[in-house]
Amino acid sequence: MSTTALKLADVHKSFGSSKIINGVNLAVAKGERHAIIGPNGAGKSTLFNLISGFYPLSAGYIELNGHMISNLPPHRINRLGLSRSFQVTNIFPKMSVFENVRCALLWPMGYGYSFWHLCDRLKKINAKAEEILERINLADRRHIPAGLLAYADQRALEIGITIAGNAEVILLDEPTAGMSLSETERAVELIRDVTTGKTLLVVEHDMQVVFNLADRISVLVYGEIVATDHPDKIRQNPQVQEAYLGKESA
Amino acid sequence: MLEYIIFSLLNSLVLGMLLFMLSSGLTLIFSMMGVLNFAHASFYMLGAYFGYQISTAIGFWPALIIAPPLVGLFGALVERYGLRNVHKYGHVAELLFTVGLAFIIEEGVNLIWGRNAVTYPIPKLLDFPIFTLFNTEFSAYRMFMLFISVAIFIALYWILTRTRIGLIIQAALTHPQMVNALGHNVPAVFMLVFGGGSALAGLAGVIGGIFLVTEPAMAATLGPIVFVVIVVGGMGSLTGAFVASLLLAAIQTFAVGIEYSLSDLLALVGIRAEVGGILKDLWRIQLSHTGPILPYLFMVLILMFRPKGLMGKRET
Amino acid sequence: MIIFLKKFGIWLAAVLICVVLPLIFRSGFSISLLSQMGIAIIFALSYNMLLGQGGMLSFGHAVYYGLGGFLAMHALNRIGAGTLPIPIELLPLVGGVAGVLAGLVFGWLSTARASTTFALISLGIGELIAASALMLPSFFGGEQGIIGDRVVKLTITGFRFGKQIEVYYLIAVWMLICVALMYLLTQTPLGRVANAVRDNPERAAFIGYAPRTVRTLQFTLAAFFAGAAGGLFAINYEIITAETVGAQASGSVLMMTYIGGVGHFFGPILGAILITFMQLSLAGVTHAWLLYFGLLFVGMVMWAPNGLSGIIMVHEPVWKARLMKRLLPAYGLIALPCLIMFLGAMILIEINYHLSLSINPENPMHLLGITFRAQSPVAWGLSLVMMVAGFFFFRKARSVVQERWSEVSQTLKGGLTR
Ligand SMILES: Nc1ncnc2c1ncn2[C@@H]1O[C@H](COP(=O)(O)OP(=O)(O)OP(=O)(O)O)[C@@H](O)[C@H]1O
Ligand SMILES: [Mg+2]
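Chains as they are written, first to last, in my numbering: chain A, 1 to 250; chain B, 1001 to 1316; chain C, 2001 to 2418.
Pairs of lysine-lysine residues, derived as DSS-like cross-links and limited to a Cα-Cα distance of at most 25 Å, are as follows: (1) A:K7 x A:K30; (2) C:K2413 x A:K94; (3) C:K2325 x C:K2396; (4) C:K2006 x A:K123; (5) B:K1088 x C:K2396; (6) A:K124 x A:K198; (7) C:K2007 x A:K124; (8) A:K123 x C:K2007; (9) C:K2320 x C:K2006; (10) A:K94 x B:K1088; (11) A:K123 x A:K94; (12) A:K128 x A:K94; (13) A:K233 x A:K198; (14) C:K2153 x C:K2163; (15) A:K7 x A:K19; (16) C:K2413 x C:K2320; (17) A:K30 x A:K233; (18) A:K198 x A:K30; (19) A:K94 x C:K2320; (20) A:K233 x A:K7; (21) C:K2320 x C:K2007.
Calculated directly from the structure, the hints in this document are not laboratory data. Every value quoted in this text rests on a predicted model; they were computed, and no experiment measured them.
Whole structure, please, built from the sequences with the hints as guidance.
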């Protein structure tokens, strides 16, 4: 087995005639926390959608732990150990907070499509769900329909759902977008905490968060990766400063 | 045989154009408002009954002019005071509102005009054969229907391509979210489209009520067929609705005259199977009797394998 | 003991009610009404497994009900002839099996998407089956349908099912079993994931579930219960026609479920009871009952989209906080104009029915104990005045109700934060 958790090889994606992703190559090692940064519209979310099977690839291939996953349906990719969150909050609005988390645990813990178990009797799952609720700080609001939570809490729940299944590879799309400073700090702690020992790929605009969290950073501009390196090197990379950081500070 | 083909073609044209009058409105309403209007065929029925009522009072020609706008007005009111209030509860509620409305209209028609078909005769002026071919007559009324529906077709085309409101509607068809941003009075446009579609259905009723039959079940009979038309044509595609209208009318018209069954077909290639039970039924069904199920079969297959329909651009 | 009662009390109560009701309402009419309600409850709950729990709006659920009924009827005839060794009490299972088979096939075909596509496919399949039913007389019996005789030798309970009351108890037992099973199903992984797929199918895929598989399974299970209800139908009526698979049956279960409310498990039960009651009692009193039914349905869609159960459940916190007494006067106030409006509409509707349907419209008509001529302008005028005035005061009263509600919810919120 290789030590590469996620490998993208010459990945292309176009919508109609507009080419959004143009030959991305990326290898994320097991246990690495890898950040992707880049200007708006660079194609970061699209890249996530390709990896997670939401869109079919136009060309190239993607491997997860050595398995070819390009063009598998999302649920198959998920079952192979990849979980993701969304930039726009994507939860189950009419279900309770607790139920949201518990649903995310069912498949990974082996209950599949069972209609002969009663959820309330599944002690292990319920304990795990409680634990996750504690970790994302929503234990006191467990009975509220998720759609009625405050924005930051919905983001936390989104992370909770994503990490619940204990997937080895976790993709987070702008997990702290729209959060206040203190909320962001808490979220970063949470992410660091829950991704220990796992492979993390995170898209983030907040540089503080990125440099805080990432072992390595890739810069995506117009659908191409212009640099992949350690945070310090990225900070100094002139190409990056021009393409991305330069714009930010200007 | 030639006679059969020519007359079937002519009749499918008449029926097809009638279907198009219904399906064009329905598909416009669906693609603009996202509402699958189950009451659309009920507006057609109202048109027929209004037409009948006005005809018996003051004659067919005034009815032809008055009834469709009346139905259109009714449709606009339904949109304004019914559908718009339900909008906040989501599409399922909107859809169910139209289902309930169809139900109420059918019962209302029962209530006012009774449960049996009414006699809604061909106007005297048009009650003669316009030509005779191979000893079969083609009535002037059918010719007149064809004339009206072609005129409507041209008018619709003109409105959609040459007028301001038409351009807005077209924009809404391709980019439903964008129209809001254009700053047009969207609710008013919706009401207009809904009213206009209803008026078209009403007109189809005024002339179709004579051609087919005017009875409380007429909406339930035709309604699903119109759905089939817009699904097969592709939701939101007027061209698709046009093609599918003609296609379905042709299928229905032609199937009626073909009295072959599976067993005949098998006999043709020399197989004479003796079977019992349900297979026997299957063997014996004549193609002419499959008329009622063919459209649905067609629709289910299209939805499963080509949800965009023949000409549609987006999925249902 | 108390914990036991708290957990199972409602089920015990249900059993008790089922046992006692026919002892109180003993007329033949009541017993057959109760029997039909039992069947309708199963059918409506099974429909809600699609709409409420799975987010699938079906216009063809009667297909599984009817097919279950037909297969059960054929089985019943075999049992009677002694060629099929199944006791009659288990006949609903035969119906259920028919439902499962059909549900598996049609479910898979129609559940690639929910929303409008699903609705249209279900409509198409419904029409297809209904139309084919008339073409395949050896299975569906053509226009006359199939008849059967439920008095057979092979029973396990010893009942002969000659009397309606025996049939009622059979239905009641099956109803309780099915309700309990359907309730338990909502608590299983599949039941919960069906909710997830309803709420957000894309997200459900990213927690490991294939939305289509979830929908298909949910659909198949729902079809099982619909088929079982159909099996009970076959026993109850001893005749089944192609109408049971038709659009009208599908539409009526949809309306029942919706009126009862799709958001809570017990909603469809309320809907089934109410609508079956209306069906059987109003149908005898007025020709216009379908119209009233339609008006009720549209009224619910417009003003109470969560159905009866929704109305009840919004009052739960108010009830618990003992604040109902603040709402009741306002409700009393609004009930009056509603009643007036309804009476006005009713007079108009009944007059029109009299004019269009009675043998001689000149004959006087009877309504609410009053006899009058349908042509009388007094009646017409009165009805119009009542409707207009009722509407006017309805709007006034509605603002009062809204005011009271906002007061009450303020108090409730205050209570929460304190
Ligand atoms: N389904 C789609 N169809 C057509 N174009 C799309 C689609 N999805 C994304 N795009 C286009 O692809 C480009 C990249 O979008 P993407 O969401 O991946 O950017 P991003 O890097 O995530 O930006 P942001 O930082 O704003 O989230 C955009 O121009 C967008 O319009
Ligand atoms: Mg993005």
